[in-house]
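Given the coordinates of chain A, assemble chain B onto it according to the supplied hints.
Spelled out, the chains give:
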Amino acid sequence: MKPAKLLTPEEVVAVFAKKFGKGILESRITERCEGVGKRPSYDIWLDIDRDTLHPAVRELIAIHFPHLGVISGTDIGDAVELNYHFSIYYGTKHGEYMVTLTVALPKSDLRVATIADLIPGAVFSEREKQEMLGVEVVGIPDGRRLFLPEEFPEGVYPWRKDETGIRDGMVKDLWAVGRPANRPARPAIPPEEEGVVQAAEVAEAKVTAREPAPAEEERHE
Amino acid sequence: MSDDPQKKMTPYTVPIGPTHPALKEPVMFTFQMNGEQILKADFAPGQTHRGIEWMGMRRNPVQIVHLTDRICGICGVSHSLAFARAMEQIMEIEVPERADYVRTIIAEFERIQSHLLWAGVAAHELGFDTLLHLTWRVREQAMDTIELLTGNRVNYGIIQVGGVRRDFTPDQFPAIEETLQYYSDLKSKLLKIFLEDKTIQMRCRDCGVLSYDDALKLCTVGPTARASGLNMDVRVDYPFAAYGDLAIEPILPDAYMGETRGDVFDRIVVRLLEVDQSVDIIRQCLDRMPAGEVIAEPKLAKLLNQFKKAHGEALGRHEAPRGEVLHYVRMDGKEHPTSWKVKASSYSNLMSWIPMLEGEQIADIPIIVASIDPCLSCTDRVAVVRSGERGIMTKEELHRLSVEKTRRLSA
Chain A
1 MKPAKLLTPE
11 EVVAVFAKKF
21 GKGILESRIT
31 ERCEGVGKRP
41 SYDIWLDIDR
51 DTLHPAVREL
61 IAIHFPHLGV
71 ISGTDIGDAV
81 ELNYHFSIYY
91 GTKHGEYMVT
101 LTVALPKSDL
111 RVATIADLIP
121 GAVFSEREKQ
131 EMLGVEVVGI
141 PDGRRLFLPE
151 EFPEGVYPWR
161 KDETGIRDGM
171 VKDLWAVGRP
181 ANRPARPAIP
191 PEEEGVVQAA
201 EVAEAKVTAR
211 EPAPAEEERH
221 E
Chain B
1 MSDDPQKKMT
11 PYTVPIGPTH
21 PALKEPVMFT
31 FQMNGEQILK
41 ADFAPGQTHR
51 GIEWMGMRRN
61 PVQIVHLTDR
71 ICGICGVSHS
81 LAFARAMEQI
91 MEIEVPERAD
101 YVRTIIAEFE
111 RIQSHLLWAG
121 VAAHELGFDT
131 LLHLTWRVRE
141 QAMDTIELLT
151 GNRVNYGIIQ
161 VGGVRRDFTP
171 DQFPAIEETL
181 QYYSDLKSKL
191 LKIFLEDKTI
201 QMRCRDCGVL
211 SYDDALKLCT
221 VGPTARASGL
231 NMDVRVDYPF
241 AAYGDLAIEP
251 ILPDAYMGET
261 RGDVFDRIVV
271 RLLEVDQSVD
281 IIRQCLDRMP
291 AGEVIAEPKL
301 AKLLNQFKKA
311 HGEALGRHEA
321 PRGEVLHYVR
331 MDGKEHPTSW
341 KVKASSYSNL
351 MSWIPMLEGE
361 QIADIPIIVA
371 SIDPCLSCTD
381 RVAVVRSGER
391 GIMTKEELHR
401 LSVEKTRRLS
411 A
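Quick mapping for you: the protein sequence lines, in order, are chains A and B. The letter at position 217 of the first sequence is residue 217 when you use the UniProt record's numbering, and the numbering goes up by one with no holes. The letter at position 244 of the second sequence is residue 244 when you use the UniProt record's numbering, and the numbering goes up by one with no holes.
Next comes chain A alone, as it looks inside the complex:
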């Protein structure tokens, strides 16, 4: 499925700006060049309104069916930001762009429409965002937990930085665990026997020390 026409990153942004107007809050294009040839690769970042997300993905499909890398998310205080990382024009040598659509969901209303009806593979990442960030994906075809175990408490979301995040008592520091208290005590060594063992060890150490050190030339060989 080759795209009919390849747009420049600026043209991609223009398509969205024209179609959605105020639905696009902010846009930027970043460029990175590596290697000796310094060939550029482009990332397009679009901050969009929550209601624009679904039609924006539809628009992206009209440009070129996007590959959804992953949805990432950040707790930014009074809101949770979701970033939908797509790539378009894969299969075009040196022509692929990353397109990131960012929506901010206020913590008073953490709902976002599913995009799994357009891209079925998105359900995997949407399930993860539900359990990790406590957002509600409206219309998700499969709302079960993904990575968190069944016995993990409800209402705790590991990536949140507020009171719903991981609580102090839930974290076990391995270094602080120490020797388990319920182990049987070490076998007691009778005092005189202990003395014998120590003496034997000392004797052995002396023998090793008395072994002649190799001559200087030998060691260098």
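Keep in mind that the hints were calculated from the coordinates and are not lab data. Note that the structure is predicted; figures quoted are calculated from it, not measured. A hint or two may mislead.
Claimed, not checked - Keeping only pairs whose Cα atoms sit at most 25 Å apart, straight-line, the calculated DSS-like set for lysine-lysine is:
(1) A:Lys107 to B:Lys40
(2) A:Lys5 to A:Lys19
(3) A:Lys161 to A:Lys172
(4) A:Lys18 to A:Lys5
(5) B:Lys309 to B:Lys299
(6) B:Lys334 to B:Lys302
(7) A:Lys161 to B:Lys308
(8) B:Lys217 to A:Lys5
(9) B:Lys217 to B:Lys40
(10) A:Lys161 to A:Lys107
(11) A:Lys93 to B:Lys217
(12) B:Lys334 to B:Lys308
(13) B:Lys187 to B:Lys198
(14) A:Lys38 to A:Lys93
(15) A:Lys107 to A:Lys22
(16) B:Lys309 to A:Lys161
(17) B:Lys334 to B:Lys299
(18) A:Lys161 to B:Lys187
Stated by the list, open to error - Reference excerpt, derived from the structure (chain B facing chain A, CB under 10 Å, subset only):
(19) Gln47
(20) Gly51
(21) Ala225
(22) Tyr243
(23) Glu249
(24) Lys309
(25) Glu313
Unchecked claim - Which bits of chain A does chain B cover? Going by a derived footprint, with three or more residues having C-beta under 8 Å, they are:
(26) 4-17
(27) 62-68
(28) 93-104
(29) 110-121
Built from N, CA and C at the ideal position, the CB exists for glycine as well.
Okay, now just chain B, sitting in the frame of chain A:
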């Protein structure tokens, strides 16, 4: 629990897991079976979720680089490279050109050893253990070279934010050349053994098919996507490190086989040809490798100080042996990132199991599950729930079923 013959015909459920039929990490499968045939498949990952992202958000990027080394036991460089590239973009660090080449060479050696490891596992799942021993023996040459170059067989610890931690020394180049020659000589032998063998053809042709449409819609990546004809390779499409300077084309099965079927066999074809492609990429890198420094900021204290001033968000991508890895990092002027999301290649590929497995037989589960090269795990046991009774099936038993199927076909 009824003697009603009608009841016995209804589909029964076979849970497999939480440790799994092919590789080394745990996932829980639930199959709806009708006799030998899989009607519906479902899976639950995360049986040993380690919360690495949570850990990362409490550490500074230099510590995270070493954490990323340990995300995967096979991809020792892929995650570190993706993470370092994201950080460099946020902090606007220019990576020295020589470091780009060192990164590329290590990444390609990693692909060679990973694909050979996979080929051995695939052969084992089919009951072809002599081939397992052969592929794993030839894999050692790549492992030894990686050890020579980085000091480690796994968890290479070669990547640092801003470059690499060690440069190649002149005396290492003959050893690299020897390894490349070794794999060039081996190419025709490996292709012959895997692709012309009657048993492998019988077990893998038209087995576990993933259509182009499914591959696209389920966001599949890497060799799994390419075997279904989906032209997608980060190294070719999205220039990074030294890849933008090199002549590389994505490996698609129709170029070699004349057609694309999207089955297990096509996945073998793609991976074997990619071993040879990696040899070619390393040769190109050695020819063009510029001289100079390998790290932008060698003083760690200075680097750590710069992290505290970093603001912004960026993506780091890399084509790992299993496909695209993607790291999203966001820094807000603190020592540790505000947000860090790791997307491993298998994360994108797991969904493709469902269309591959449905309609296939129970004895094909191991090879189909292994065919996407999941970074997941080995089945210790399989529990069969039949008419409410639960019997435990061991991994060995499931493996035995697979071997028996091979024998039946060869007879």
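Numbered hints the structure breaks, given as an ascending list: 1, 18, 24 and 26
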